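Protein chains: 8
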Amino acid sequence: MNEFRLDRDRAARTGTSEAVLCEPKSTAQIDAIVAHAASLGDRLLLTRLGPRKFSRLSVPVREALDYDAPTRTAILGGLPAPRGAGRVAIVCGGTSDMPVAGEAARALAFAGETATLVVDVGVAGLWRLMERLDDIRGHRVVIAVAGMEGALFSVLAGLVPCAVIAVPTSVGYGVAEGGRTALHAALASCASGLAVVNIDNGFGAAHAALRILGEAPPVAPGHA
Amino acid sequence: MNEFRLDRDRAARTGTSEAVLCEPKSTAQIDAIVAHAASLGDRLLLTRLGPRKFSRLSVPVREALDYDAPTRTAILGGLPAPRGAGRVAIVCGGTSDMPVAGEAARALAFAGETATLVVDVGVAGLWRLMERLDDIRGHRVVIAVAGMEGALFSVLAGLVPCAVIAVPTSVGYGVAEGGRTALHAALASCASGLAVVNIDNGFGAAHAALRILGEAPPVAPGHA
Amino acid sequence: MNEFRLDRDRAARTGTSEAVLCEPKSTAQIDAIVAHAASLGDRLLLTRLGPRKFSRLSVPVREALDYDAPTRTAILGGLPAPRGAGRVAIVCGGTSDMPVAGEAARALAFAGETATLVVDVGVAGLWRLMERLDDIRGHRVVIAVAGMEGALFSVLAGLVPCAVIAVPTSVGYGVAEGGRTALHAALASCASGLAVVNIDNGFGAAHAALRILGEAPPVAPGHA
Amino acid sequence: MNEFRLDRDRAARTGTSEAVLCEPKSTAQIDAIVAHAASLGDRLLLTRLGPRKFSRLSVPVREALDYDAPTRTAILGGLPAPRGAGRVAIVCGGTSDMPVAGEAARALAFAGETATLVVDVGVAGLWRLMERLDDIRGHRVVIAVAGMEGALFSVLAGLVPCAVIAVPTSVGYGVAEGGRTALHAALASCASGLAVVNIDNGFGAAHAALRILGEAPPVAPGHA
Amino acid sequence: MNEFRLDRDRAARTGTSEAVLCEPKSTAQIDAIVAHAASLGDRLLLTRLGPRKFSRLSVPVREALDYDAPTRTAILGGLPAPRGAGRVAIVCGGTSDMPVAGEAARALAFAGETATLVVDVGVAGLWRLMERLDDIRGHRVVIAVAGMEGALFSVLAGLVPCAVIAVPTSVGYGVAEGGRTALHAALASCASGLAVVNIDNGFGAAHAALRILGEAPPVAPGHA
Amino acid sequence: MNEFRLDRDRAARTGTSEAVLCEPKSTAQIDAIVAHAASLGDRLLLTRLGPRKFSRLSVPVREALDYDAPTRTAILGGLPAPRGAGRVAIVCGGTSDMPVAGEAARALAFAGETATLVVDVGVAGLWRLMERLDDIRGHRVVIAVAGMEGALFSVLAGLVPCAVIAVPTSVGYGVAEGGRTALHAALASCASGLAVVNIDNGFGAAHAALRILGEAPPVAPGHA
Amino acid sequence: MNEFRLDRDRAARTGTSEAVLCEPKSTAQIDAIVAHAASLGDRLLLTRLGPRKFSRLSVPVREALDYDAPTRTAILGGLPAPRGAGRVAIVCGGTSDMPVAGEAARALAFAGETATLVVDVGVAGLWRLMERLDDIRGHRVVIAVAGMEGALFSVLAGLVPCAVIAVPTSVGYGVAEGGRTALHAALASCASGLAVVNIDNGFGAAHAALRILGEAPPVAPGHA
Amino acid sequence: MNEFRLDRDRAARTGTSEAVLCEPKSTAQIDAIVAHAASLGDRLLLTRLGPRKFSRLSVPVREALDYDAPTRTAILGGLPAPRGAGRVAIVCGGTSDMPVAGEAARALAFAGETATLVVDVGVAGLWRLMERLDDIRGHRVVIAVAGMEGALFSVLAGLVPCAVIAVPTSVGYGVAEGGRTALHAALASCASGLAVVNIDNGFGAAHAALRILGEAPPVAPGHA
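Protein chains in written order, with this note's numbering: chain R, 1 to 224; chain X, 1 to 224; chain L, 1 to 224; chain W, 1 to 224; chain V, 1 to 224; chain Y, 1 to 224; chain D, 1 to 224; chain Z, 1 to 224.
Rather than coming from a laboratory, the hints here were simulated on the basis of the structure.
It should be emphasised that the depicted structure is a prediction, and the values quoted were computed from it without experimental measurement.
It is possible that part of the hints are untrue.
[To be verified] Chain Y residues, not near chain D, derived (Cβ > 10 Å throughout):
| id | residue |
| --- | --- |
| 1 | 26 |
| 2 | 43 |
| 3 | 86 |
| 4 | 95 |
| 5 | 112 |
| 6 | 114 |
| 7 | 137 |
| 8 | 161 |
| 9 | 175 |
| 10 | 215 |
[As the list claims (entries may be wrong)] Distance condition first, Cα-Cα at most 20 Å in a straight line; then the derived SDA-like pairs of lysine to any residue:
| id | chain 1 | residue 1 | chain 2 | residue 2 |
| --- | --- | --- | --- | --- |
| 11 | X | 53 | D | 26 |
| 12 | Z | 53 | R | 67 |
| 13 | Y | 53 | Y | 40 |
| 14 | Y | 53 | W | 70 |
| 15 | V | 53 | Z | 51 |
Note that the Cβ used here is the ideal one computed from N, Cα and C, for glycine as well.
Using the sequences provided together with the hints, build the complete structure.
So, in structure tokens, the structure goes:
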């Protein structure tokens, strides 16, 4: 039976392409989706595609994809010409949050947006963030990525006036396991006007940034 | 002892004023904060100020405030001249969500932004939303307000390409009581790029909209 | 010791057979149950039987079963003659929800009911659902299968007047992990009259459909 | 501002009327909705309307409504001629569950369906249920209402082959407070094919029964 | 460093031996505990010792133990002479609950108590339980073992007047995953006087039965 | 409509009477139940009947009841002759736990069992418990009542070999609010063989004690 | 019956007095405890004693107590001579957290310790905290009090090397309601070495500070 | 891209070194961090580094580290000269809690503090703790490590007047799985003044002890 249906008309209407959430899909399903898109000449962004699952895809599909293991993303059809950088900054609390920050960066690049990456500026050593503050302030949208207790969200949003999108990560253990603590900290922040996306959802943050910049295609990931 | 400290320097730096979260404060604390701000000629937005607590404030404070019971907001110092409408739409799932939608509208008005209000377009009667879609699409930011299962967020974000801020409300009972179901629906939406704020946080959505429009002062509510 | 007891009298009373929930059972237990049923000439439906566990069953048991890996179901004793299609539609939000939709289809087929499968009609691309609406409306029972935020349940139930059974799936991550978000969305839907079953319980939805159609044997799965 | 919008076109299409969830609405909102519907000659079912809130409605609205305090329901425009009884049975675990059972009965009556009420048949005294079993079995749909641990759902569904809709109630304390224990028991029942609605949602169960009987209008409550 | 300390004085005072919870311990720790007890001629009951961990114990320790894989228990030093059966019945909802029921039976045997095992009497097929009721009623203590929605606890406790100890199991999926649903059902039962132990805690139920029979040594498992 | 049905046959079979959980019932329902039982000469135990609800019962019903406000219990028909004390001890962590301990004592007295009450022996001052230990050890059943972190359960069960029934209470705030912390501590105790009942369920503990002593009628409370 | 037992021997051993958690106690119980302590000349600290409950205490008890409504504390027997200030600082995120901060200050004063209070230094306006940092650093113990997302804990602990005790408060709404978000943020802080107490537990923080300073009597509150 | 940034300036200011939380980091990230620190001659403490991940680090990094598998810790650059023992005692409920107790001991040793280890003193056998009490009382700080129901925390804090830091562990199953039960027991203890850290956070407890002793560098782990 035909198990999927790419939203091609939608792509036609909006000049963009689709994203595929790979984690809950079988390798057979991913193979079929990618092969179908490739046969149509479509571009495609694949997210949450772990190295083990990637290695089990068919050879032609693997060869057609630009795969990046740390961010678990793959791109079919290459990247568009970048529009020029400087509009989106991705600020990352710690080394452990890099995979999620990288997913956001890849999703932005897939849409032609080049992000500035500011890493390892957790609030435990506040001076690291302060040193980079002027640089961060120059962007229209800031994507903040942090796990554990997510204090970075409040500190950052209290210091910059631009749009701030918080991406809580599942980094942490004990009460922080799974990312709920960071998520709730972002939602309950005493610094107002934070916009929040789901735990580990770097792709969603990128898409929200594109909506803010007026560059967002109405693309829904994951159920394609 | 002196229990509060308005962030006046911050206001000076940013040309704006402060917001006060009233629910966890005593009437004595609110009286003192408003009187102090009034003596300085500051403007002030008060949120989550229920009618009973408002009625227990001192007479001069009550008289100084422009109070709106349905939205539980009060404004000290009047509204600025509106900048012209058409940039922010507030889309509201049902009658029960009106107080939260109203809080967002008042917070935007406090900052000079006039919002378009689109009410009672819950997804159970999809045609109601469809009729208003072209109108909604003309805005740069859409604030979507819904409780219960929050399906409005996904439907709306799948239909408009602009920035969408979801405000889940605590409207509902059983598993929906308290608003977690609507919140989680917004965060887990299959329509990507939704930005989410805390349950019932109309003020926060307004502030996020101002950040997106480049009109946001770095003001943090609630702990003033 | 004799660890199980098939409810044969019940089968005699109702003209039907039993279902076996395999996940919490050891391979030794499954082997014994299937061998016993086979020796009596009984038909049997096995659910949640993963490929690894299936591969560890005894050879004669494996050979006696019609196994379908994607839906993790196995059937002993073959299918009855189908009663003719057109009474039950299975509507599926995304590719990732196919295994659960398939479990429902197999359980219906085991009882002689042929379901219509409508796939990949998630609400993020609403037109996909709209195109198929007239087809769906022609059925007496609609089984809706969706994960993540489960907005499909509300949209669908608002558009069709027939019986709608929601099967939330565990597809999703972050706040949607495990399927609680989709489950709660189904239960709290603003579109009234939705009937809901447990997360990933395609079998239960099929059985509920059979009860509605007056074809349901009083069979309880899982503890056999 | 005009805060609500009755789905009158929908009513026209389907020959039915709307339901209003009153708990989260202000008395001013309820007054306006009822007055508007009355001016159009519409019928209306109001649910979760507590005695205190009812007593604060305007006099003409109160007089126009047929109010029933124990079930917290009110009806505008009277009941239709009943279609004859015998299709739906409402089975109730204990005296404490009567308000929810009554809400279901009133919602069915509003649609012209007369339900059979079987009360106080909790499983702690199993013979009470057994005595009534033949009577219950004669109906096409059984609505089971129970709180605490919800064992009634499994026992009943194991004994009758017809459609069973479980309504968990918030009756209970400690771990049962709020109704989650009964809800989860219904969803996880070892007796298969149970259809479940939200906690205390007697109205939803009635609507699901109407869908099953082919008498259901596509009406969504609560956000009107 | 010496990481453990058997409570030998306690054993001396009470004429009994100790139990060891193996799941959170390393194989090195278990090896050391068993070797030490063996050198002293002590008897020992080991619980939650999975086959993989057992296979990694040292050869002499493995040889000294009477290991039973399905119940994940091991016994050092053999069983005492049984006191005669007929005082404790273990009633088991389904095949999947057998490992937990077996742990209880082994713990009772370790203390010289022979239990009657009544299997596969889930409430979905009520007649199976009814057939065995007279047999069950003859015992002083009934240990009821069930997962999923745990309706067996209420039905059984409503039918027998003796002490009933409920052991909820982690058998189930969706809302039943992990055993909380069965646990809460036992605690909130409408049949009063149920005594409940932790999820999957067959050992604890056995020990509670021994306390009731006046045969319980004050032995604490797990932290030895 | 007749909303309740006393299980009189059951009482006839077992020589005992029924218990009524009052919290979720209306005063009209309680009035009717008590009046009906009084007219039959039945004895009745009412639990969770707060002073405000009691004061709203009808005069004849109030006069027929022996009401005890601190324990929220009422007794219809007086107490039976006590069988002599010394079999059940109720051990209470703190003053705040007295109402629940008292409910247990009243329920035991209703069945003719006189309990020994040992109060204010929380583990923070361990010597208080130690002083009473020999007294406690002389009983066949110990009911332990404690809130907050429930450490009393483990300490006590480690010191006495008899049957111990833990009643966690809802005394506490923050993470202990509602009683889940004390409940989980009882279930997860490192001292094995603890039997646990629902939070604040003094009645259930009393009934479990009666089952253990062989004096328990198969009476189910709450849904009468 | 005698419902309480002051731990007077303990007081004799340690030269200190007892604390009483009033929230779960009846006014009759509090009256008795205070009168008893007064008759013995004992000092007593009462916590979580709301104004309404205080007003219902007996006149002599009310007159004997030094009551402070904002902090809900009362002191019997006056304060000891202060030992001199400068060892403990209480740092408070916002005006709404003042009652909890005040409870800590009162509990310290009850033990002769004078705390420095630093108020309204929430991280949304970071400069407010920075201005007071040198002052804070001069103390041996810092008690940090904050609600909502609790980012203050991490920022503060990253800036001072002394002992930091975090008191999360229940200030907040939506996901922050009840204080779990602030509690989890404190426990999961990326700034290490934070010591945490229960939500709103100002008394516990004070007691922990006294333990650290070597001034702590082994007094347990609440169950007296 | 450069993914991490050691807080070297901070180390310079405070004379100490950094800790690295390894669990959420890739082996490539850990290799880079250790190699960088080694090239600078820095000391480093690595926590939550499982044996499998350790075995996948590069050879030179593995050789540079002093790795301890049971505690999952590694040390780069050796230990400083110990300052002399006797200030910190680590008290451990059971054998299963040893890895967490060991992590605390290693973190203290990394800072030059030698801890006294008191093992296997769970409250189920209270005399084991009592025997060691005088020894424990001689220390300025007690770190208590316990899982399951965590009763050790309350018993211990009721018996010693010094600073007590509770480390709940994830040892346990059923309701205790993951450590929430032990965590909540510590936070809600009836023995006041307990300071609590995250589940399994031996490192955090050690750091808190160092803060109390005035030896704590302002080092934040995990996000380096």
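Status of the hints after comparison with the structure:
{"no.": "1", "hint": "26", "in the structure": "26 Å, holds"}
{"no.": "2", "hint": "43", "in the structure": "24 Å, holds"}
{"no.": "3", "hint": "86", "in the structure": "17 Å, holds"}
{"no.": "4", "hint": "95", "in the structure": "4 Å, violated"}
{"no.": "5", "hint": "112", "in the structure": "20 Å, holds"}
{"no.": "6", "hint": "114", "in the structure": "13 Å, holds"}
{"no.": "7", "hint": "137", "in the structure": "20 Å, holds"}
{"no.": "8", "hint": "161", "in the structure": "26 Å, holds"}
{"no.": "9", "hint": "175", "in the structure": "6 Å, violated"}
{"no.": "10", "hint": "215", "in the structure": "24 Å, holds"}
{"no.": "11", "hint": "X:53 with D:26", "in the structure": "27 Å, violated"}
{"no.": "12", "hint": "Z:53 with R:67", "in the structure": "23 Å, violated"}
{"no.": "13", "hint": "Y:53 with Y:40", "in the structure": "24 Å, violated"}
{"no.": "14", "hint": "Y:53 with W:70", "in the structure": "16 Å, holds"}
{"no.": "15", "hint": "V:53 with Z:51", "in the structure": "17 Å, holds"}
In the structure shown, a violation is registered for the earlier hints numbered 4, 9, 11, 12 and 13, in ascending order.
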